[in-house]
Structures are given as C-alpha cells and as structure tokens.
Amino acid sequence: MNVIQLHHDLTRIWNNEPGWRGVFSSVSHTTLGKRFMITAAVFFGIGGVLAMLIRAQLATPASAFTGPEVYGQIFTMHGSIMMFLFAIPMLEGFAIYLLPKILGARDLAYPRLTALGWWCYLFGGTIMLLALLGGVAPDAGWFLYPPLSGKEFTPGVNSDVWLLGITFVEISALAAAIEITVTILKFRAANMSLTKMPILAWYLLATAGMMIFGFPPLILGSILLEVERAFGWPFFQPELGGSPLLWQHLFWLFGHPEVYIIFLPAAGALSTIIPVMARTPLIGYGAIVTAVMALAFLSFGLWVHHMFTTGIPHMALGFFSAASVLVAIPTAVQIFAWIGTMWAGRPKFTLPMYYIVGFFVVFVLGGLTGVMLAIVPFDQQVHDTAFVTAHLHYVLVGGFVFPMLAAAYYWMPHVTGRTRVMRVGIAAFWLIFIGFNLTFLQMHLTGLLGMPRRVYTYPVEAGWTLLNLTSSVGAFMQAFGFGLFALDIALQRRLGKPTRRDPWEAETLEWAMPTPPPQYNFASLPTVSSREPLSDNRRIGVDLAAGKGLLGRAIGGRRETLAVDIVTGAPEHVAILPGSSLTPLFTALVFGGFFMSMLLGIYWLAPVFIVGAAVMIWRWVATTGTTHDPGPVDAGNGYYLPTGFAIRGSVGYWGSVLAVAASGTLFASLVFGYFFLWVVAPNWPPPGAFGAYLLEPIIVTAGALLAVVAARLGLRNFDRSRSGAIAAAAGSALAIAGLLAGAIRHLPEPTFHAFAATGWALTGFAVFSCAVGALAQLFVHRRIASGHVIAQRPHELRTAAVWSDYGVGVAVVVAWLLGLSGAAL
Amino acid sequence: MTALIKMVSGLIAWAVSFSVLYALHGLGCALGWTEQAVPGLTQARVVLLVTWILLIAAHGVLLVWLLRSCATQMQRIGVAIGWIGLGATIVTGLPILAISSCV
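So the sequences go chain by chain: A and B. Remember, the numbering used here sits 377 above the position in the first sequence when you count from 1. Remember, the numbering used here sits 24 above the position in the second sequence when you count from 1.
One should not assume that every hint holds.
As the list claims (entries may be wrong) - Distance windows between CB atoms, simulated:
(1) A:P1125 with B:A47: 22 to 28 Å
(2) B:A81 with A:S1163: 52 to 58 Å
(3) B:I114 with A:R871: 56 to 62 Å
(4) B:S43 with A:V419: 38 to 44 Å
(5) B:Q60 with A:L846: 54 to 60 Å
(6) A:R870 with B:L91: 51 to 57 Å
Everything labelled a hint here was simulated from the structure, so no lab data went into it. By construction, the Cβ of each residue, glycine as well, lies at the ideal position given by its N, Cα and C atoms.
Let the hints inform the model, and build the full structure from the sequences given.
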C-alpha cells in the first residue's frame, strides 16, 4: 500500500468526527487525555484562587476579610478540588494521553469508557462549582467527618453536594483505573514483556491497581453517609449503634493510599525523565519495580495514622505506626536510584531538571516530617495543627506538582510539536519554588506554636502574626509563578517553533511518532527487543511511519491495535476498538440525572435513572462484538492472528474481572463496617430479641447453586448455553427473592438501629449484585440468539459468568451473615 | 496473570497477615481477653503472639517456594518482594511484644 494513502486512511478511520458532533462523540485517548489535563488545570486554578482567599484571610489576626461560614466553604472546596478535581484527574489525563504511546499501541482498551469517565468528571466537578457559586458548597472539611457533616449540624445540601459530586467523579477514577490496568496488561508492543515495559508503565499499573482497591471504601462511605442524611439510616450515629469512627476508617482506607496514588504516577514521570536528562539508563529498574510494588501494598496499612488521637488501643496504633515508618524505605530506594542515575550520567540542566531538583528538596522534607508524624506521641502533639498542613503540602506539592511541572515541560513538545519560546519558565520556577517554601516552611513552626488547622481567625496575642503574614506573601508569590507557567505554556502552544522528532533524545516509544501525534499514534505498530527501542533502532519512527511494523494497513474502516500475552508480550490477537460515539455522553447524563435527583431530594425519580442507566449500559455492550468472524488476519511480519472476538481472554473479560474486584472491595468494606459497628460502636446489641433464621439463606444458597451450575454447563457445552443462561438468571432471581424475604421478615426498620441499617445495606448491595448478574445472563442469552455468541466466540459467556457468579456469591455471604447474626445478638 | 500475582505474593501475604493481626486484636479487646493466660501475658497477647509467629512461618514457606525459581527477572523481583513481605510482617507485628493490648 502507498504510505501516504495509508496515513490518509488511518486518519479517516481514527480521527474524531468533524464539527460539534466530534466534540461530543470523541473517544480518542489523545483528545480525552488532553481534555482531562486541561480541565484539571482549570480546577487547579480555581483551587489556587481559593488558596489565595485562605491566605488573605489568615494574613493578619482578627481579619474582617470573610466570616466563618464562607471560610468553611473556601477551605473545604480548596482541599476537595485539589484532591478530587485536580490531582486524580490530572494523573488520569496524563496516563490516558501517554500510556498507549509509550506502550506502542493505538488507543486504550475501552475508548468509550475513557469518554464516559471524562463526562462524569466534568459533570461532577460542575456540580461542585455551581454549589460554590451558589454559596452552598461543602463546608465540613475535605474529609467531611460526621457528625459535623451529618444532617443535624449541616442541614443544608452542602454535604450532599460533596457526597454526590465526588462519588460522580469517582466513577471516572474507577473507569480510568480499569482502563489503565487492562491496557498495560494487554495493549503493548509485540514482544514487550512486562520487564521490558517502560518504567512508567509499572508505576501506572501499581497506581491503577491501588485505585481499584482504594476508591471503593470511600464510595461506600459516601453512599452510607448520603443514605443516613437522606433517609435517616443511622450508620454514624452512636445513640443508635452507629459510629462516626466508621466514616473515618472508610475515608482513610481510601485517603492514605490516595497520597501514593497521586505520588506514584509523578514518580513514574521522574523515573522516565531523569535518565533522559542524565543521558544514562535508569539505575535499578528491578529495584524500582520492587519498591513501587511495596509502596502500593504497604500504603494500605497506614490509614490509622490519620486517627492516632481517636482513642484506638495502643497496640493497634503500634501496628500502623510501624507500617508508616516502613513505607519510607521503598520511597528512599527510588530517591537513591534517581540520585544514582544522575550521579552516573551527565545531567543537562534544562527546565525539567529545575523542577526535578525542586522536587528533591521539597519532597524529601515532606517525607521526613512524614516519618515524624508516623510516631504516635509526636503525631498526638501536632494533630490538627498547621504542622500537618505544612507536611501534607510538602508531600503533595513536592511529590506531585513539581514532578508534573517537569513532566509538562518534558512532554509539551510531544503534545504541541513546538519548542519553548522564551525563558519565562525559569522565572516561573523560581517564583514557585521560593514562594512555596516561604508559604509552608515556617508553617511547621506555626503549627508547633499551636495554631490549629481550619480556623478562620486568631488573636494577636497568639504570636502567629509574622509567620502567617510571610506564609501569605509566599502564597501570592507562588500564584504569580503558576501564572507565568500558564503563560509560558500558552506561548509555546501558540508561538513555538516546530520541534524535531525526539528532541530530548529519549528512548521510549512515544518519541517514535510524529509530533503532535496523529490520532492513530503509529501507522504501524512496533516490535521491541529491549526497554530502549529508540536506542536499538534510531530509525524506528521512520520505519513505523512507512508501515513496516505490525498492522500497517487500514482494512474496512476498523480501528485495530495489537493485544499481547500478559507476561511475555507475544502477539496474541488483533483488538478491534469502537469508533466515535455519543453513548458515553448520554450515559453520563443519565448518571447525572440520578445524582441530581438525589441532590435535589426528588428521591422517587432516582430509580428511573437507575433503570435508564441499565438500559444505556445494555445498549452500550450490545454494540460490541460481531456476527461475522473474519478469522485469523494478516498482522504483518509473518503474524496471522485471530481477532478479539474469537479468543477466551478478551479485554472485556479482564475489565469485568477488575470491575468485580472493585465491587468486591466495596462489599468487603461493608462487611468490615458491619463487624466494626458490632464490635466497637456503643449501644450494641440493639434492643429487642433476634434469633437465627435459616430458611431464607437456604433459598439463597439454592438459587446460587443453580446460577453457578447452569453457567458452568453453558460454558462446557455450547448447545446448553442458552438454557444455561436462562437458568443462571433464574438462579439469581431466586437468590434475590430469598434475600428480600429474609430482610423483610427478620430485619427491623433500617432507621431503628445501625444493625438494621447495615443489614438492609448488605441486602441492598447483594440484591443489586444479583440483579447485575441476572442481567448479564439475560444479555448473553440474547446474544446467543442473535448469533454474536457462538461456540467459536464464547468470551461473552465467560464474562457473564463472572458477573453472575459474583452476584450470587455476595448473596450467599450476606444471607448467612444476617441469618446467623440474630443468634449472636 | 498468575506470574504477576506470584510476583507480588509476598506483599499479598503481608496484607493478609496485617489484616488478621488487626482484626484479631479488635476482636480480642471486644471480647475482653484481658485475663492472664500465662504469667505476664494476657489472653489477647498470647493469641496475637501465636498468630504472628504462625504468619511469619507461613511467610517463610512462601519465600522458600519463591526461591525455587529465580530464572527470570520477574521471578527475582518476586523473591525480593517475598523478603519484603516477611520483613514487613515482622516489623508491623513488633508492637505485640511490647505495647499494651487493649488500652
């Protein structure tokens, strides 16, 4: 095929639709990655303005700038925006834009899910902003502790805005996490084994895994608190057997891993940029992978260090204190690997290096105060003081903002295809660096002198005036620095000269494509033999552009990319991706309708949107697959590969497995909450007599067995798959009936006591899970009838079995847990 | 996928160990295991101590299993992570030896 014609055809296939429709229907990872990052940058600006308001208020004692009500909204929104609407979406955008490019793929595993994530993020963030403009923004602190955030002390919608808006945004984060994980595992260059992946991919794999297991506890907490506020189910009310500490556990089960979720992608950027700037390979690839995995796991054992003053027994504090100290070791391994790499090389002191040096100074200081805070007696002294504010800013700005600023300058030539035009960036760096340290270094001292967090004023006699004033001066200096940074980026975008390909002489695959990149990334896909493919073949970009790699053709308008074996990277199949679609937008609008009906208290309308969401997801999945299997296709270079429709471990299957893992984490958190309240909360057992019941759990178990066995029969013998799907759905329905019968007959009203509230919550979750499983089986039944699922294309059967097995598994656990609990109460 | 899970099995084992110790501690305090089981040791501490030792032993077994195959870089990373899991379980369990259990 003519090379020019190839590029024309790929452009036609992969480009967004023209005009306004294209704005709404784009599923391109390049477009959506940039949208995520730009939206996150806008939110960073808004959060920054709120920070300026905070510093204006605190610059002088007894300031009349604003009152406590407004100040509560300002600091709550500052923290919430920076954590949920800036940091996480920014890392998502970074990963979405870059991941397929560094892995040698043409797009992410689920392009429409990427689009859904962005719309959910946009709508959820917009709800938060509108509330801020309307003066009803959340005002109970970014961690929204009850009882302050409960109905009694926050009767308005302020807390509801946070709970619903943030949960809406978290759909986006979970979608991105599943997307990133499956993409890394399946969509890589030919022969790119896991240990030949660029180091950034390891960081993003760990981050995405942490998001899958870290976000569900917060989503659960948000649901429980919203249900308590809306319907009076007393999960967090001690007088009725609840406990506000349950919220703290659920929040920080998310909240501490969150710090590393933010840090790891930024550290991945550092591990990518430092070797390029030092002109030498990264030292300790294996040690860094090990350290990243250690961080990913250990960070889940630290959450109680945010709760050292809540009266938890000392030994438990000791467990978490030890883990909190331990986590410094893998962090230090990375720091030393980066220092060693720079030591071994010949560093170029370019603008990204300024920010990298800034990172070292700021993050190491934040890490050291982190170790101090891990020690229980010290933490108890400075808990809820400005010392902690200083520490968290050193960690988060040092560990995320400085590396991402370095990353922005490093990858801007890739995004825009242009070079920087002026030296504005240097001035911006110094303003940010000096301004940051002027703001926060002495804030440690302010905290040690006793100034609490979140106070809107302080007396002259406290002796904090000079420290606060200089902090405010530093904050405004930072603001000018960020303004200059934005100007520098805008100038580069508009006026920069075109850059050559790979201007940094880097080794990773994103530089083997034209800049700015076309929507299809590579005209043909690379095969790699090491972690440094550009070093192995300096002409790789030219060769790929000439169609000499894999899938260097455009057939039938299909969006094709290569899927590989998870471990070895051996080519496995050709994945066919969906094109532009309005479905993600409409699905996000339905989700938005649900959240708005809850926010406005129109509760009868919410179930309508739940049904609407089920319909949208059904239609979404129904547009995948094929009734005509093209058979093995010539992928080039001697590879004949099946399409994704005809293999067992499709990306849809893996996505479902991960979604079930996230849902299972939410379920485990709910079970933890049940036992936590039982064991720790006051006013247990609930008043009244309860006994065990067995009939309903037996019915649920029978339904579960029917569902599991029927699904297995269908998987083993395709001739029985249609009847098997119906039987599996019937089994799920029987389990639902058993669950509802058990709850209606044996549980008190949910408002009666936390026991009843958690019992109903468990039942509701199990019913929902079974319903999803039943719908999955009914869906696959339809697909067999329509010819999409045949013996040679069985993967939807396996995927449906994942959902129905999980649903009835949850049902069995809940049924027996509740059935036997009565005997122990 | 199995290879990837095997690679991080040391840390999965740590996560399980940590959860078991924390849950058992909460349960012991809730059930009032504060009687002296042996001189100087409460029931809660004895249960935690025995569990901790068993968990360390389980880590040791896992490590031996991981050490049997070190041919690839992923397997070697798995061994390193096995050591980390073992060390982390020892360090995070140390408070069992010295700190009051239910106060």
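Hints versus structure:
| no. | hint | result |
| --- | --- | --- |
| 1 | A:P1125 with B:A47: 22 to 28 Å | holds (27 Å) |
| 2 | B:A81 with A:S1163: 52 to 58 Å | holds (55 Å) |
| 3 | B:I114 with A:R871: 56 to 62 Å | holds (58 Å) |
| 4 | B:S43 with A:V419: 38 to 44 Å | holds (40 Å) |
| 5 | B:Q60 with A:L846: 54 to 60 Å | holds (58 Å) |
| 6 | A:R870 with B:L91: 51 to 57 Å | holds (53 Å) |
Consistency with the previously given hints is maintained throughout, with no hint failing.
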